[in-house]
Amino acid sequence: MTAAQHAPTWTVGRIAGGPPTDVVEEIRSLAASAAEADGNPPLSEQTLLTLRAHDAGDRLLVFTARTSEAPDSELAGVAVVTRGSEDGAVLELVVRPDCRGEGAGTALIEAVLAEGITGLRGWSHGNHSAAADLAERFGYAPVRELWRMRLTRAAVTETVPPLRLPDGVVVRPFVRGQDEAAWLAANAAAFAHHPEQGATTRADLEARMAEDWFDAEGFLLAVRESDDALLGFHWTKVHPATGGHPAIGEVYVVGVTPESQGMGLGKALTIAGVEHLHGRGLQAIMLYVDADNTAAVALYRRLGFTRWDVDVMYAAKVTQPTL
127 MTAAQHAPTW
137 TVGRIAGGPP
147 TDVVEEIRSL
157 AASAAEADGN
167 PPLSEQTLLT
177 LRAHDAGDRL
187 LVFTARTSEA
197 PDSELAGVAV
207 VTRGSEDGAV
217 LELVVRPDCR
227 GEGAGTALIE
237 AVLAEGITGL
247 RGWSHGNHSA
257 AADLAERFGY
267 APVRELWRMR
277 LTRAAVTETV
287 PPLRLPDGVV
297 VRPFVRGQDE
307 AAWLAANAAA
317 FAHHPEQGAT
327 TRADLEARMA
337 EDWFDAEGFL
347 LAVRESDDAL
357 LGFHWTKVHP
367 ATGGHPAIGE
377 VYVVGVTPES
387 QGMGLGKALT
397 IAGVEHLHGR
407 GLQAIMLYVD
417 ADNTAAVALY
427 RRLGFTRWDV
437 DVMYAAKVTQ
447 PTL
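Residue numbers (the numbering used here): 127 to 449.
Calculated directly from the structure, the hints in this document are not laboratory data.
Hints may be right or wrong, so weigh each one.
What the hints assert, rightly or not - Distance condition first, Cα-Cα at most 20 Å in a straight line; then the derived EDC-like pairs of lysine to aspartate or glutamate:
hint	residue 1	residue 2
1	393	351
2	443	236
3	393	416
4	443	271
5	443	241
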């Protein structure tokens with residue numbers, strides 16, 4: 127037999143809505159093994175939270191790939207389509223490392239495209255060459271870059287200046303049971319034009335606070351000293367050590383309300399969060415930032431962050447009409 131005759135065929139399953147718990151655990155295990163192999167998480171945090179949500183409803187469409195010869199075998203790949211209320215639908219896809227190059231990714235993409243979803247876009251976390259090749263083959267092109275930047279522990283003392291807050295502003299930790307509504311309002315205002323962050327709901331916030339990594343001491347709020355009005359925030363995160371990768375801190379999200387902009391609060395909050403994470407003894411701190419957010423990129427570079435990796439969003443190429 128030739129090598130082609132030994133190539134597996136794939137059975138693709140379709141699940142509308144939230145998958146059963148056992149399938150969710152298979153997906154999480156698959157994502158973890160891919161992250162360990164690639165150095166990048168293949169599914170976003172929001173996708174993993176939505177998969178576990180009890181009210182996923184019609185927001186999710188999940189495709190699973192298993193070998194046709196053993197349909198009950200270990201999950202070989204998964205494609206998750208998350209539908210948004212206004213932003214169309216977003217695809218994330220991952221194939222188990224030992225099943226790559228055998229057609230599982232192609233089978234999953236074909237199943238997704240057969241749905242005829244309007245405005246479908248797809249993330250490639252780390253933008254590996256196989257993902258870029260799949261996108262090109264199916265007529266998709268890059269439309270957005272999300273950079274990951276990193277600050278080493280050694281660089282903190284060299285490039286990060288001391289914290290200086292505007293007059294009348296203090297920084298305190300988030301208080302559960304007290305600050306949720308104010309933070310949601312401030313976040314929505316600060317990220318009114320951001321396709322993901324600005325749409326955060328109370329359920330999204332509660333889901334994150336239920337995660338093992340949540341630490342209220344690292345959820346920093348800048349408030350007006352006179353009346354405790356929320357002006358901005360820096361929510362930090364610590365990713366625990368896994369495999370051969372040490373723990374790493376994250377500038378999870380920094381936001382400033384529109385009426386508080388121009389005070390230098392964004393820079394001050396970033397420094398406050400970096401100081402908090404630095405105090406945890408972490409070897410590095412990372413963050414995500416849109417490549418075209420030139421002001422934010424410039425600030426992070428001044429603080430010593432350097433580009434580390436990139437996530438790329440793809441969308442169908444627009445065919446120009448012939449004249």
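So, against the hints stated earlier in the document, which numbers end up violated here? none
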